[in-house]
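Given chain Y, work out where chain U should sit, using these hints.
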Amino acid sequence: MQLKMNPLLVIFISSLFYLFQFQVVNARSLTGSNTLVLYDDRLIDLDDYSKFFESLKDRSFQLQFQDLSSKQSQLDSNWIEKYNNLIIFPIKGKHINRQLSVDSLLNFYENKIGNILTMTTPDGVPDSVRLFLNQLGIYPSPKGQALTDYFQASSSSSSSSNLVIPSSNLALTNNYIYQDYNEQFQFGSRVSVAILDNRDLIIPVLRSTRTSFDKGPMKTSWSNGSQNYLIVSFQNLQNNRLSWIGSIEFLNDSNFDMESNESLIKELTKWTFNEKSIVKIASLGHAHSNGISYDDLKYKVNDEIIFNLTLTEWDDHQQKWTPFLADDIQLELKQVDPYYRLNLKKDEMVVFNDNVSGQLYSTGPFKLPTRHGVFTFSVEYERSGLSFFKVEDVKSIRHLANDEYPRSWEITNAWVYLTSIYSVIGAWIIFIITFLTTSSSSPSSSSVASASAPTVVTTTTTTKVEKKVTKKLTSGSKVTETK
Amino acid sequence: MSIFGAAVSARLFSVIRFESIIHEFDPWFNFRATKYLINNSFYDFLNWFDDRTWYPLGRVTGGTLYPGLMTTSALIWHTLRKIGLPIDIRNICVLFAPAFSGVTAIATYYLTKEIKDSSAGVLAAAFIAIVPGYISRSVAGAYDNEAIAITLLMVTFMFWIKGQKTGSILYSSFAALFYFYMVSAWGGYVFITNLIPFHIFLLILMGRFTSKLYVAYNTWFIIGTVASMQIPFVGFLPIRSNDHMAALGVFGLLQIVALGDFVKSKLPPRKFKIVMIVSLLIILAIGIAGLFLLTYMGLIAPWTGRFYSLWDTSYAKIHIPIIASVSEHQPVAWPAFFFDTHFLIWLFPAGVFLLFMDLKDEHVFIIAYSVLCSYFAGVMVRLMLTLTPVICITAAVALSKVFDVYLDFSSAIDPQRRNLTSLLSRLIVSGTFIFYLYLFVFHCTWVTQTAYSSPSVVLPSTSPDGSMALIDDFREAYYWLRMNTDEDAKVAAWWDYGYQIGGMADRTTLVDNNTWNNTHIAIVGKAMASPEEKAYEILKEHDVDYVLVIFGGLIGFGGDDLNKFLWMIRISEGIWPDEIKERDFFTPEGEYRVDSRASKTMKESIMYKMSFKDFPILFNGGQAVDKVRQQAISLEDVGTLDYFDEVFTSENWMVRIYQLKEDDPEGRSLKEVGDFERAKGKLTKKRKITKPDLTLRV
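Keeping their order, the protein sequence lines are chains Y and U. Per the numbering used here, residue 1 is the first one in the first sequence, and the count goes up by one each step. Per the numbering used here, residue 1001 is the first one in the second sequence, and the count goes up by one each step.
So here's chain Y without its partners, still in its complex pose (with noise of 0.2 Å):
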């Protein structure tokens, strides 16, 4: 069976049992571990953060730091197949334009696994990790721009210049990312706010406040209100995640240790470093409602057919892989257009050992369409926030062959025609037999009958009339013979 499937599909699968073995024990993310942290020491003091690290590296990630603020500072030349996930602090200056590419960035979303937590400040905005943000459809706004809220500023006795986003500002249309919706969320006085395009893998966290908007160098600000967003992530079509955080005081400490805060960090961290929300197929296939696989029979118009998927989740909590449940997955059997959709209904439940178990989908037997040709299966399942999966098997599917049409005797229809057939046949050869026995016995007739005589040339051509009436009747009958 060829099956089309998506790269991170197949990794998925062919890791499957070295996931189990090791993921469970030693690290969480289901896609590596191994984590660079870029930042710069002259916008940052590690030390203030020290609880955001610990909470990864209580969850297994192993943790590479490296100063950026020098020229002379140099990245690992294999840095992108090294690392699985990469943290970037805010860093000043031109000359990480050089270490830290956009071309490299790319390469390193898009190539292989790889997933970016990313922050700005109006202190720091990288021209790569900007550019590299634009390409996705995220415009942060550039150095300087600091986000205000003249209103917030009033009301708020703490700190004025202390931002505090409610959560009714969460931008979340599903728990994928985050749950908890009753808080708040302490930004910090220097934030960097980013507009989006109407792009669908953006998926946006967490909006500003309504009276919120930016100021600094520029002549008009960056954006202002509700377009403002602070908290966005980003899922490519390979399944690999970015989420950009427009302040760094919103991890720092003091912040960390509002509850608020500390679970957004943790489930916003566990999302991009890919672990939780990721579903993938366990098992796919298609067959005759009876059972005999397409390798064996070949499909044809008609034929009624069982169309088969497994899905499992991997579960944060337990530590393993759960069935996926959703009511929402359909089948598209497609040749350019697609012919059906049909949904799939949760079957049972499949467990495959105790780590793994899946929600079994089926659409139950159903026929296939009366047009051959090449059609493809596919299922494209793809929800903001939770991992995409497509599968695509193209199968063809024949006509009928000569033989599969239904007989002309078992048509009804046809009766009427098989009957004057055999009428007319059955009547032919009565006629020559007794024309052949009156004409034996009565002399008057055997004049007619001898071809040959010169005086009666007319009948001659009668006699062959008759020939050809007989071809043309045994040839009548061959035609609905074969048909």
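Derived from the structure by calculation, the hints contain no laboratory data. Just so it is clear, the structure is predicted and the values come from calculations on it, not from any experiment. Among the clues, some could well be false.
Claimed, not checked - Here are the simulated DSS-like pairs of lysine-lysine, each with C-alpha atoms no more than 30 Å apart in a straight line: (1) Lys1035(U) to Lys71(Y); (2) Lys390(Y) to Lys1534(U); (3) Lys1540(U) to Lys1581(U); (4) Lys1540(U) to Lys367(Y); (5) Lys215(Y) to Lys1212(U); (6) Lys367(Y) to Lys57(Y); (7) Lys92(Y) to Lys1685(U); (8) Lys300(Y) to Lys1540(U); (9) Lys334(Y) to Lys1661(U); (10) Lys1688(U) to Lys94(Y); (11) Lys94(Y) to Lys1671(U); (12) Lys82(Y) to Lys112(Y); (13) Lys92(Y) to Lys1682(U); (14) Lys1035(U) to Lys395(Y); (15) Lys71(Y) to Lys1688(U); (16) Lys1691(U) to Lys71(Y); (17) Lys94(Y) to Lys1680(U); (18) Lys1212(U) to Lys1165(U); (19) Lys1661(U) to Lys112(Y); (20) Lys92(Y) to Lys82(Y).
Leaving out everything else, chain U in the frame of chain Y:
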């Protein structure tokens, strides 16, 4: 026997000059089908559903081909294996046409013998054996339906002439059987279907109705029609399609005439006249009304497009560009007649005239054949092939008549009637004709060697030092496809190359030379004529992985895709007149240009971009001259190609293969990706950051 030998050997030039390879386009499909047949059972072949062509429609190949050719060669293959001669199927296919042309020569001999005598027969056989008009379609490697069809045509006609001469049911049945064989081998069987009734019709008009005719025609028609309906591709056409109506009509007419004959013998002449006139009128009225009614109700298929274009040469150009786009369907240029038949072409009318002098029943047949065919050959190059045999026959008749008179030296030997002037004239005349014959042989050999032996897969050319060089770009590219692409990769190319890609590269194609689905071809045409984004969308929809274009600009290969481009545009314009407009591809002055003055639509089309991508760079960015169109292309003319990756370009740039890029993982359009890649260097240097122009995020 020696004629057989000559016929075969003349056709082996191609093997000697090139190699044992299948030629051109259609033969590649026949070859592939034959391979399928010998690897599977006949039943499988009959119900073959080919999912590797016409993706994603697939082709019900078993039901849409004429199986005669493949079955015959599979039969030969099996027979040879049985007697202990296992031969590669490819060699059988390559040598199939020469072998059968030998048979044609024999059949022509017997046919002409029926027309005149055995001396004319020998001449006719000799002519058909080496005449270029026939060789053009039957050189070694031309494994096409025509290779066997002309043989069957001649055999059928031979048996028909015998049958109608003698009124023998046996011969007519043979004619019918070979007619069936012909139906199973070539769509041109319709020619026989119409010619034989036409012959009968003429004879009836001439008052030559005899019971012999009646027997021969009825036997042939009934057995032939019923047998022909057994071919899946033909099916019920013989009773539904208008192309076959003439045969049916004559069949009916013959019954009426026979009845009339009978009535005439029973009634006094005066009464008979009244009966005849009344019944004739009634029959005519009913017949015409019936025909109109049935056609109107759609019970009888309307005349096919190819048929219309037989009468009105501009019909196809206006209404069915797909038919007109085939070079085989173009009208013949007059020199082609001479080129293909040499001095036979002027012996041909003389022969027809001589037949008129005799005008026996069988002569009427040949005359009808020659008149019909001359017209049709003038309309379509392809039909030159059916004209050639009759040219050979009539020319042989004329020449043998000449030789009968002038090669008869009996009077010269006889001392009593010795006459110097008559001897001299005989010598001169026969000498001249023998010289012509010599010239003819010479011409035929030359034409065969130079013009018709090229497989068109491999192109001959001369290298700068004058030695012969072979341009093997096609096979290079197809081999690349075979070795470097996924087995299920879908290749979009113009339909001309469909069979070759299927046969040589073994990859799935969207369209091929079996042009059964005009819309699907138009889709490929539309993609080629559209700007990148649109083309990408169309191609992606059809799961295309690679796009293959033929570009002859570097070495001056005139049959490249840019020259066929107008047909692509026309065909897709026929389906989407709102989106593709032929006018847009011309300059405001109405010229078809590819240089800097080319229209914007032209320059934006992927066909243009794919053909000329990096072409000027080959000339160091200067003016690159397209040798086919004799126009200079500069670097600015050729736009960027963001949606396709060039993956292969053959040695002489004749075949260029592009791969469709994957969707961008970040959801950008590939144009944006391309713009970004180009602007990247500048972006990091830019000081000022401008706010992007975005719509509100909702």
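Against the structure, the hints:
1. Lys1035(U) to Lys71(Y): violated, 67 Å
2. Lys390(Y) to Lys1534(U): holds, 24 Å
3. Lys1540(U) to Lys1581(U): holds, 23 Å
4. Lys1540(U) to Lys367(Y): holds, 27 Å
5. Lys215(Y) to Lys1212(U): Not OK: Lys215(Y) and Lys1212(U) at ~108 Å, beyond 30 Å, violated.
6. Lys367(Y) to Lys57(Y): violated, 53 Å
7. Lys92(Y) to Lys1685(U): holds, 15 Å
8. Lys300(Y) to Lys1540(U): holds, 26 Å
9. Lys334(Y) to Lys1661(U): holds, 22 Å
10. Lys1688(U) to Lys94(Y): holds, 14 Å
11. Lys94(Y) to Lys1671(U): Given that 30 Å is the threshold and the Cα spacing comes to 28 Å, the pair holds.
12. Lys82(Y) to Lys112(Y): Distance of about 11 Å is within 30 Å: holds.
13. Lys92(Y) to Lys1682(U): holds, 19 Å
14. Lys1035(U) to Lys395(Y): Answer holds: Lys1035(U) to Lys395(Y) is near 23 Å, not above 30 Å.
15. Lys71(Y) to Lys1688(U): At roughly 23 Å apart (the allowed maximum being 30 Å), Lys1688(U) and Lys71(Y) satisfy the hint.
16. Lys1691(U) to Lys71(Y): Holds - the C-alpha atoms of Lys71(Y) and Lys1691(U) are around 29 Å apart, at most 30 Å.
17. Lys94(Y) to Lys1680(U): holds, 15 Å
18. Lys1212(U) to Lys1165(U): Holds: Lys1212(U) and Lys1165(U) sit about 7 Å apart, inside 30 Å.
19. Lys1661(U) to Lys112(Y): Status holds; Cα separation ~18 Å.
20. Lys92(Y) to Lys82(Y): Satisfied, since the Cα-Cα distance of roughly 25 Å is no more than 30 Å.
The structure shown violates the earlier hints numbered 1, 5, 6.
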